[in-house]
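Asker: One-letter residues, chain by chain:
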Amino acid sequence: MAGRLTSIVDLERLRDEILAKRQGRRFISVSNGSDGRTRGSWEVIRAFVDEIEKQGLEKEVEVKSTGCHGFCQMEPIVLILPEGICYVQVKPEHVSEIISKTLIQNEIIEQFLYRDPVTGQGITHESEIPFYKGQARLVLGNNRFIDPWHIDDYIALGGYSALAKALDKMTPEQVLDEVKRANVRGRGGSGFPAGIKWETTRNAPEKIKYVIVNADEGDPGAYMDRGLLEGNPHGVLEGLIIGAYAIGVHEGFVYVRQEYPLATENVIHAIEQAEEYGLLGENILGSGFDFTVTVHRGAGAFVSGESSALMTAIEGKVGEPRPKYIHTSVKGIWERPSNLNNVETWANVPLAIGRSADWYNSIGTEGSKGTKIFSLVGKVKNTGLVEVPMGTSLRDIIYDVGGGIPNGRRFKAVQTGGPSGGCIPEQFLDTPVDFDQLTELGSMMGSGGMIVMDEDTCMVDVARYFLNFLSEESCGKCIPCREGLRQMLNILNRIIEANGKEGDIELLEELSEVVIDASLCALGGTAPNPVLTTIKYFRNEYEAHIKEKRCPAKVCKPLISYYIQPDKCQACLICLRNCPAGAIHGGKGLIHWIDQEKCTKCGVCLEVCPPRFDAVAKLSGEPVPPPLPETKVIRKRVAQ
Amino acid sequence: MKTVTLEIDGKKIEAKGGMTLLEAARELGIEIPTLCYQEQLAPYGACRLCSVEIIKGERSRVVAACVYPVEEGLIVKTDSPRVVSIRRMLIEFMLAVAPRTKVIEDLAARYGVEGTRFEAEANLCILCGLCVRYCAEVKKANAIGFVGRGISRQVAFLPEIASKTCMSCRECFSLCPTAKIPRETDGVCFLDLTVDDFLSRQSK
Ligand SMILES: Cc1cc2nc3c(=O)[nH]c(=O)nc-3n(C[C@H](O)[C@H](O)[C@H](O)COP(=O)(O)O)c2cc1C
Ligand code: SF4
Ligand code: FES
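Listed in order, the protein sequences are those of chains B and F. Counting in the numbering used here, the first sequence tops out at residue 641, every number present. Counting in the numbering used here, the second sequence tops out at residue 210, every number present.
Treat the hints as calculated values from the structure; they're not laboratory data. Wrong hints could be hidden among the right ones.
Unchecked claim - The list that follows gives simulated cross-link-like pairs (lysine-lysine, BS3-like), each with its CA atoms no further than 30 Å apart:
#, chain 1, residue 1, chain 2, residue 2
1, F, Lys170, B, Lys325
2, B, Lys382, B, Lys166
3, B, Lys166, B, Lys181
4, B, Lys318, F, Lys145
5, F, Lys22, B, Lys332
What the hints assert, rightly or not - Coverage of chain F stretches by chain B, computed from C-beta distances (three or more under 8 Å per stretch; other residues unrestricted):
#, region
6, 80 to 92
7, 117 to 126
8, 173 to 185
For clarity, every value in this text was computed on a predicted model and none was experimentally measured. Glycine is no exception: its CB is placed at the ideal position from the N, C-alpha and C atoms.
Chain B extracted, bound-state conformation:
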């Protein structure tokens, strides 16, 4: 630690010192975020530290425990710098070989490389891996080079120089104008222009105001904000301090959800280090500007990420949305002007200020600038955190970065925008992804959730899944949202349970309209999206469920039956022995059949039936043929 920096010159000098010390050194960067740790990354780091000590390489090589590199399913990932050699799914027992071969003898170990799924070739450098190649990791990319507990790592990358520039060379108004000109739009939900929101808070008459980082991230399966806050907390803090300077605020909050202990720990530690360096606290970098930050832990409800609910929670009350129509940027925490932005929004600020609004504007589309981080999950080969320029097509994200759909299945839809986003079908795969285009399709950017679905997905079931989540996660205060979602869920359940009625689709549409129009907050205001988009793009699936009692994807249990095809059954007894419900009749030499009354539709018979027999079929919307008469059930096994 270098102690307190009292000027911009101090900061520059420190940076030079850090870089000088690093001359000629090599780094082993190990992705050690929440996800990596569940896959054994700590053990890999310990093994590296021990081995380096054993070999006496401490002077030449340094191990870095970093945040998430994005390619979660390949973790633990080991990146050797400066060469950029990348080893995936590394285990502690691989470590001594990596040191002796790659670090000492500069030899690549084929076996640990990422393999191209198409060519089967090992890929040596991270930058050549298809998952990374299609990305532009302007924000998330720094994670690889930073140990979040070492502020020096961030400073070495040029960290806090945007803040220095703002404090030294720009007035608050100029900073505000630059952010407005860069058109940094909110990454947490609505895509609202950050500069305009900042200006509202800045212009509000009260003296005491606040800035807040929204790290509540309640979307199931999304972890962009966790990745950033865990991996590069200083990047978020730098944005926050710049914002505070522009708005004229001296107090800030980071609202982190309870379920993110590592992110909380890392941001608290980062705040302490920034304070020691004089980058937070009084008279920041000798500029005369004061700013402090407090971390607040969220109670863990999805709805508490909504702006007014979040502010109520910071006040120490139950985090429920407020009925007020005066915006929180004018009357927020304790009725004082409070500017709330998402983690990723704040992390974009140092880019726009440090480089320039013009540079920032050179990336993205007409209305959406810069990059966006997505959490790419579902039926896609490569899952993880993906950062691409705004305007990248869905197809490029899913097929180039994501590697396409696994197991030879067909793409069906992609759900964007979190639980209240929408499902986008194949015909729109070439849509450039930005705030406005997604909204036009009836979905939204939201905070960047992206769930890929294949042909084995039932869209009615998908709608029900999200609606169920929202009906449980809303606060339950206002009648249209609570009762409306309850009734919509009831209807979806009955459609899935083979009790759908003529008119149910129209009733869902009618209910959606009321829920959207009349709800108190944006949770209700967007909750019907998954239903409306699936009706819009997959209406025939709803109709099949209701009119034909058929689930086209053969997912909805009450609408499917398992059936053993007598002409294919080889009476091998495997399904019969495995059926947990004892629903399969037959015996040695006797063709098997399923007692539909007893069958629980668990699908075990289909799974265990040897593929060369392929005798078990799923039926939907058609009657199950009765078992063969007694005399016909005897069969000799065909010779194999």
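Starting from the structure of chain B, add chain F with the ligands where the hints point.
Answerer: Okay, now just chain F with the ligands, sitting in the frame of chain B:
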């Protein structure tokens, strides 16, 4: 505060700044239905029965009149088709939760709602929060509160406080629009019932 001029259902009104649309409409004699609104309590905006349509320039949207403040030049429609269909739907929801209750049947009659297409547990509570808010804001007792969220949200007495204060107060009884609280806790048997008794009834 300075006054602002706006138009409600075609009638111009000069209203004091800071007033709500509901208050301004009442001054004009326009009756907007309400359920969770109570003059002595802070606006809560939960029943949405007071939904009205506002038009600003090209844009129109639905807001809750009991919370929305008057604005210069605003055009307000308290009875537009969009608003009426929202209210009719809300009434259908409430008929499912609280059937055969006067307040809701009166509303249904006013809006020509003949029945409900929906089913729900008919537990009488529409979660207007009048009891909870009255107990907290006026009595400062906090003997009754909300538990759970989403479709599981409920009102419940808090045993430690309720057992000490509720017996002698009962002021929320007359506020309950569906009379759930008096029906389940009072009447001839109330004096024989302990707070624990009605708590156990509630959780049924
Ligand atoms: C139900 C609900 C949940 C939300 N959850 C989050 C969240 O977890 N994180 C977030 O940044 N924004 C969330 N938002 C959006 C916030 O209300 C707010 O718009 C956002 O934090 C503003 O930041 P931005 O302008 O930088 O996007 C949520 C909104 C709603 C309606
Ligand atoms: S819309 Fe839903 S989450 Fe928002 S206040 Fe109403 S019940 Fe609560
Ligand atoms: S009276 Fe306005 S929302 Fe209930």
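Asker: The structure should be examined with respect to each hint, and the outcome stated for every one.
Answerer: Hints versus structure:
1. At most 30 Å may separate the alpha-carbon atoms for a hinted pair to count; Lys170/F and Lys325/B exceed this at roughly 34 Å.
2. Restraint check for Lys382/B and Lys166/B: not satisfied, since their Cα atoms lie roughly 42 Å apart, outside the 30 Å limit.
3. For a cut-off of 30 Å, the pair hint linking Lys166/B to Lys181/B stands: about 17 Å separates their Cα positions.
4. At most 30 Å may separate the alpha-carbon atoms for a hinted pair to count; Lys318/B and Lys145/F meet this at roughly 19 Å.
5. Between Lys22/F and Lys332/B the CA atoms are separated by roughly 20 Å; this keeps the pair inside 30 Å, and the hint holds.
6. Proximity of the region 80 to 92 of chain F to chain B, defined as three or more residues with a beta carbon under 8 Å from a beta carbon of that chain, is established by the 3 residues found.
7. Counting residues of the region 117 to 126 of chain F whose C-beta sits closer than 8 Å to any C-beta of chain B gives 4, which meets the bar of three, so the coverage hint holds.
8. With a threshold of 8 Å between beta carbons, the proposed coverage of the region 173 to 185 of chain F by chain B is violated, since 0 of its residues qualify and at least three are required.
Checked against the numbered hints above, the structure violates hints 1, 2 and 8; every other hint is satisfied.
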